[in-house]
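*Asks:* In the order they appear, the protein sequences are chains G and S. First residue of the first sequence? That's 1 in my numbering, and the numbers climb one at a time after it. First residue of the second sequence? That's 1001 in my numbering, and the numbers climb one at a time after it.
Misleading hints may appear alongside valid ones.
20 Å max Cα-Cα, derived SDA-like pairs, lysine to any residue [what the hints assert, rightly or not]:
id, chain 1, residue 1, chain 2, residue 2
1, S, K1014, S, R1110
2, G, K42, S, T1005
3, G, K42, S, Y1104
4, G, K42, S, P1008
5, G, K42, S, Q1022
6, G, K42, S, N1001
Treat the hints as calculated values from the structure; they're not laboratory data. Just so we're clear, the structure is a prediction, and the values are computed from it rather than from any experiment.
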Amino acid sequence: KQEVTQIPAALSVPEGENLVLNCSFTDSAIYNLQWFRQDPGKGLTSLLLIQSSQREQTSGRLNASLDKSSGRSTLYIAASQPGDSATYLCAVKDAGGTSYGKLTFGQGTILTVHP
Amino acid sequence: NAGVTQTPKFRILKIGQSMTLQCTQDMNHNYMYWYRQDPGMGLKLIYYSVGAGITDKGEVPNGYNVSRSTTEDFPLRLELAAPSQTSVYFCASSHRAGNSYEQYFGPGTRLTVT
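Full structure from sequences and hints, please.
*Replies:* Shown next, in the form of C-alpha cells:
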C-alpha cells in the first residue's frame, strides 16, 4: 500500500528566504506526482504535476523535482513571500491499470512566511 | 467555466440524520472523486467514478454511498451520520491525458456531526 510522508510538518521562515519542502513515497511505481496548495478553509489548488518520466517541473518561483527510484520529491520555493503562507500537499498517482487517477496524499507541510 | 462546485459549504448534522453532499463539474471530465480531510491530515479517498453509471470504493467508503447518473454530477450520501464523519469533504474531477490525471478540486463542504 502506498504511503506518502511530508517533512517538515510545519515551517516558519522570514520573507525572502529560499526553502525546500520534502515528500517521500514508499512505492516507486507511480505515474505522476502532484503538488497542491491549500489556503485555510479553502480547497486545493494544483501547483505542479510531474510525470514519472520527468525529473522536474517549474512554474514561476516554484520548482518541483522527482527522484522516482528513491521515492522522493522536493518543492523548492524561491524568494518566499508572505502570500506563500499556506499548507502544501503532495500526492502520488500509482501506476497500474485500475488506479483510475486515484491519488494518495501526504499530510501536508504548513508554511508560514513572516514579513 | 465554474470548474468543480460543491454545496453546501457548511452543515451541522445530528447523529443519525442523513444528508447528500452535492458536487458538479462543468469540464466534461469522466473521472470524479470524493475525499475527506481530517484535521492535520492529508486527504483520503472515499469513492470514485470513471464515468456515468460506474462507481467504486476508495480507501474509506464505510458509511457513505454515491451515484453517478450524469457526467456532471457526483453526489455523496451519508445515511446515518456519526461523529466520526465530522470532516471536510472535497470533490474532485479529472480527465485522462496520456498517463496524466491532473485533478481539479472543489472548495469543500465542512460537516460537523454532533
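*Asks:* Against each hint, give a clear statement of whether it holds in the structure.
*Replies:* Status of the hints after comparison with the structure:
no.	hint	result
1	S:K1014 / S:R1110	holds (14 Å)
2	G:K42 / S:T1005	holds (12 Å)
3	G:K42 / S:Y1104	holds (13 Å)
4	G:K42 / S:P1008	holds (14 Å)
5	G:K42 / S:Q1022	holds (17 Å)
6	G:K42 / S:N1001	holds (19 Å)
In this structure, none of the earlier numbered hints is contradicted; all agree with it.
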